[in-house]
Structure formats: C-alpha cells, structure tokens
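Just so you know, the protein sequences line up as chains B and A, in that order.
The first sequence lines up with residues 1 to 313 when you count with our numbering.
The second sequence lines up with residues 314 to 565 when you count with our numbering.
Everything labelled a hint here was simulated from the structure, so no lab data went into it.
Incorrect hints may have been included.
[To be verified] Covered by chain B, according to a simulated footprint, are these stretches of chain A (three or more residues, beta-carbon under 8 Å):
#	region
1	398-405
2	441-455
[Stated by the list, open to error] Partial list, computed: chain B residues near chain A (C-beta under 8 Å):
#	residue
3	I133
4	G165
5	A206
6	T207
7	E210
8	A211
9	R213
10	T214
11	A220
12	I223
13	H225
14	V226
15	R307
Every residue, glycine too, gets a C-beta built ideally from N, C-alpha and C.
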Amino acid sequence: MTIQTFPAGKDGENGTPPEGTEKTDSPGRSGEPGATGAQGTPVEVAPVLTTVVPAGARRRGVPRWVRRPVGPLCLLAAWQIAVWTGSASTELLASPWTVVTTFADLVGNGELPKAILVSLRRAGTGLLLGGFIGITLALLAGLFRLGEDLIDAAVQMIRTVPFVGLIPLFIIWFGIGERPKTALVAFGVAFPLYLNTYAGIRNVDATLVEAARTVGLGRAGLIRHVILPGALPNVLVGLRFSLGIAWLALIFAEQINANRGLGHLMNRAQEFQRTDIIVVCLVVYALLGLAVDAVVRLLERLLLSWRPAFSGA
Amino acid sequence: MATGLQRSVTATGGGTEAPPAVVVRNLRRSFGDTTVIDDLSLSVPAGQFVTLLGRSGCGKSTLLRILADLDNEISGEVRIASRRAVAFQSPRLLPWKRVWRNVVLGLPGRPDRARALAALEEVGLAHRADAWPKTLSGGEAQRASLARALVRDPELMLLDEPFGALDALTRIRVQSLVEQLWQRHRPAILLVTHDVEEALLLADRALVMEDGVISHSVDVTLPRPRSVTDPAFVELRAELLARLGVGASSPS
C-alpha cells in the first residue's frame, strides 16, 4: 500500500524515488511505522550515532602561523627549481635567489629605502587627503538630509569615472611633480571611504537610535555615541578598500614622469631589462600592502573589540 | 459602551490623592487609514504600577511609544512626567559601550562610574559592569537595560514587554526584581504585556486595551507578594482572560 502511494506522489518531481522508497520502507515492514510511534514500543532499528568532536581535538597538529606561509613558500620553491632545471628562462624572469641578492644590493646602496620612502610619502599624503575628503563628504551626506541631496548624486556620478583615465588631465592640471601623483591617490581613495562611511551611517540600527533618544541624548550626543561608533565597522572596511586602491593608484602614477620612487625604479629596470629589480619592486609593493593591511586589522581589533565576530571554522 | 468604561477609568485615576505622572486625553493615532488609537484617555497617578494588557496589534505598544515621546504624529493631549525612562522588549544596549557606560548614557556631565555601579548593584549585575553587551545573557542584558532606566531616578517608567524574550525562569526572577525596584523607588510604572498572570502579579491596576481604547480597568488590591494559586488571584485572572476573549465565560 505505502509503496504504491509514495511514488505516485513524488512522480512529478523525478524518476528515482521508487528505488529509495522501497529501501526506506523495508525495515519498517515488520510493524506499521505509525503504530510503533504511537504506542511507544521500542524502535527496532537503532539510530546511527555520530560522535561530536570537541573543538580542541580538531585543532591538533601544525599551528596556523606555521601552516599559513606554507603555500607561498611552496610556490617560491617550485619557481626556483624550475630555474635550476632550466625549464624557466632567467631572461624573462629572474630566479628567486637572484631577486634576493638584488634586493640586498639595492638595500645596501640605499637606492631601495630611498625609493620606498618617497613612494610611502606619496601614498600617505594621498591617503590622508582623499580620506579626509571622502569621510567629510560622507558625514555631510550621511548625517544631513540637505547634504545627501547636494552631495550624494554628484559623488555617485563621479565615482564611475575610472580614475586611471584622469592621469592625462591631472598632468595638465598639476604638472609632472608630486602633485598629480598625490591627487591621483587621493581621488582613488576618497570613493571607497565615502561609500562605506555613508552606508555605515545610514545602516545604524534604528532601534538603538530610539533607545538613545529615550535616555535623553540630543542630536550631537546621538552622532557621537550612536551613529559614528555604529558606522565604524563600515569605515574600516572602506579603509581597507582604499589602501588597496592607494597602492594601485601609486603604481599607475609613478609610471609616468617620475624621477624618484618605486615606480621610477621599475621603469628604469625595464629599460635595462633587469627583471630582478622589477620583481624586487613588485615584492616591495606586495609587502607594503600586507603591512598596511596588518595595520588596519590591528585597528579593527582595537576599535571593534566589542564585536564578537565569526572567526572561521 | 466603550466610552462609558473609559470615562470611569479616568475618574478612578483622577480621584486618587497622588498627582498624575501621565495624563492622556482624547488621544488619536492613525497609520494611514487605520486608526490604532481612537479617542483614548488615561491617567496614571505617581507611584502607581499599571499594566496594560491587550492582544497583539491592539495599539498598546503604540501607546507606550507615544508616552515615551518616540511618536508624535498624534492628536489630543498627552502630558508625561519629565523624568522618565523606557525599557524595551529587547535590551537595546549600545554594543560598542561597556555595560556601565550604557547605563549612564545620556546623563549630563562625564560618565559617572560610581553611579552606574550603584544602579547595576541594584539589579545584581555589578560584576558585569565592564563586560561588552554582546557577551551578556538575555536576562543579564535585560537587567542592564533596567539599570539604565533606573539610574535616571525616573518618576515614570515605561516597560514594553521587557520580559517577553526571556526564558520562563529568568522571567520570574526579573519580574520580582522589577517589583522590588518599584517598591524601593516608587516610580509610576506602565508595563505593556500580553501575559495576564504577569499583569496581575505586579499591578495596582490592570488595563485592557481593545480597538484603540482602554476597554476595561481592574484595581488589583491583592496583598503583595502575590501568588498565582491564591483563589482571589485565580478569580481575577479568569475575569481578565474573559475580557480578553480567551476565558471560559464570555465577557457579557
């Protein structure tokens, strides 16, 4: 009886159910399944039990800080081995070891630290300038209706312009010195900060705002104690985006008419076909990016310590 | 019929010797075409514990929001004590401020830790003063929210189903805590609930809200602390349940 009714009901969905139905139905055949449950007689088939593994037991083995660098190191090793075995040409890409020695040379003659300092200053100035503009605009647009009406549409429009396309314009406006480079970084940085700060302000939990009003907070108090701290997680997300873009903008900006900085070093290396120097510069860019990201993560840990976050399984 | 009852409610409230902590006359509140509160009048004397019962959607939370000055799209007259505090169904603590800073939030001057600790002590939560709100249990968070209300030394406390989200055991504990705090500080309390037992355990006066007006008012004179097994209590409960349309007998 049951076997007949079951497939009939599931027929429309797929063709396989009859097989499954027969299987699940056979153990129950010795007694009516419904009757067994109702009368409370012992179940004949014991449920399969799964042991819950305590979290501590699962975390055995290699600690994470050892585990994490393994991937990149394997990649490097593979590259070096490829060079040694002759399957990778050193003309096109210098071997990791050459890169290491070049790095030591460039640090030794002071060329690299000087270039890094110049580039860092450009990125830093641009970041400060762009961050100030982006966050100020976001505060005006986020906190005041008038600000939103005046600012938001304009910003949303301008942000669709690919900032790299502005380089020629910036050169005309600012010449070829430091200013177009700083301006490009600032331009790229301002938008992620604006968007995230604005969204953060507008997404602050309305029930918290209400609760804060009932304890007598005025407008200034609401902004200081509720809205800004509530928007902070988003601001930090925006900051991370901005930092990524700051490096990107810097690389673009330094490719043109720079006579100092990491980009200049790379450009010159290209002229002399020194792939090792190019790779050193790329590695430096990557390391600087990592370092900056670590700073933001530290900031997050300090500023958002109230937030119990999901830390991954 | 509703108007007659309502008038008697106002009379009962106004007739007592204490000055009023809440006066509401001819209050009306609509959301679009639906009128949620329709010509409601109510008076709560200082120090009285009033519970407001009603089915969900009857407008009792709207009334409380109006009395908390969170909703002023109204017509009619509403006067409320200026020192008042609200506790909501969810604790609504700012997650980025430690518990004690949440308690004194909005008080003038610098955050006064001693004052916060005194309030937290009263609700039995002084040991969690430095915790982040998100690490509190439901009952702890609700007690912190009560401390935040208490620290303002309110003349009127508005409680919007503050026990609604608590488990049965915690609920009993927080209920008796609210009663103790009320007996110690004697604010007027308006407690919105849909739990008849809770209303009768705590209230001097239980109001039933229906169709946007207060349709019924019961003075609860049972001695405190009250017991749910007291025959007089059981009788009152049956009467109120009937008023709410749940009991065995019909309201007529």
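_Less than 8 Å between beta-carbons is the criterion; does B/V226 satisfy it with respect to chain A?_
holds, 6 Å
*Closer than 8 Å between Cβ atoms is the bar; does B/H225 clear it against chain A? Give me holds or violated.*
holds, 6 Å
*Does B/A211 pass the interface hint, meaning its C-beta sits closer than 8 Å to a C-beta of chain A?*
Since chain A brings a Cβ to about 4 Å from B/A211, closer than 8 Å, the hint holds.
*Examine the region 441-455 of chain A for residues whose CB is less than 8 Å from any CB of chain B, and state whether their number is three or more.*
holds (count 4)
*May I ask you to test the interface hint for B/A206 with respect to chain A, counting a Cβ-Cβ separation under 8 Å as satisfied?*
The hint is violated - B/A206 has no Cβ within 8 Å of chain A, the shortest such distance being about 10 Å.
*Does the interface hint hold: is B/I133 within less than 8 Å of chain A, judged Cβ to Cβ?*
The hint is violated - B/I133 has no Cβ within 8 Å of chain A, the shortest such distance being about 26 Å.
_The hint names B/T207 as touching chain A; please verify it with the least Cβ-Cβ distance against 8 Å._
Because about 5 Å separates B/T207 from the closest Cβ in chain A, which is inside the 8 Å limit, the hint holds.
*Could you check if B/G165 really has its C-beta closer than 8 Å to a C-beta on chain A?*
For B/G165, the interface hint is violated, since the closest Cβ of chain A sits about 40 Å away, which is over 8 Å.
*Hint check: 8 Å Cβ-Cβ cutoff, B/R307 to chain A*: holds, 7 Å
*Do the numbers back the hint for B/E210, that is, is its least Cβ distance to chain A under 8 Å?*
Holds, because the Cβ-Cβ distance from B/E210 to chain A comes to roughly 6 Å (cut-off 8 Å).
*asked:* So, as I understand it, the hint says B/A220 touches chain A; can you test that by seeing if any CB pair is closer than 8 Å?
replied: violated, 12 Å
*Using 8 Å as the Cβ threshold, decide whether B/I223 counts as touching chain A.*
violated, 13 Å
Comparing the model with each numbered hint stated earlier shows that hints 3, 4, 5, 11 and 12 do not hold.
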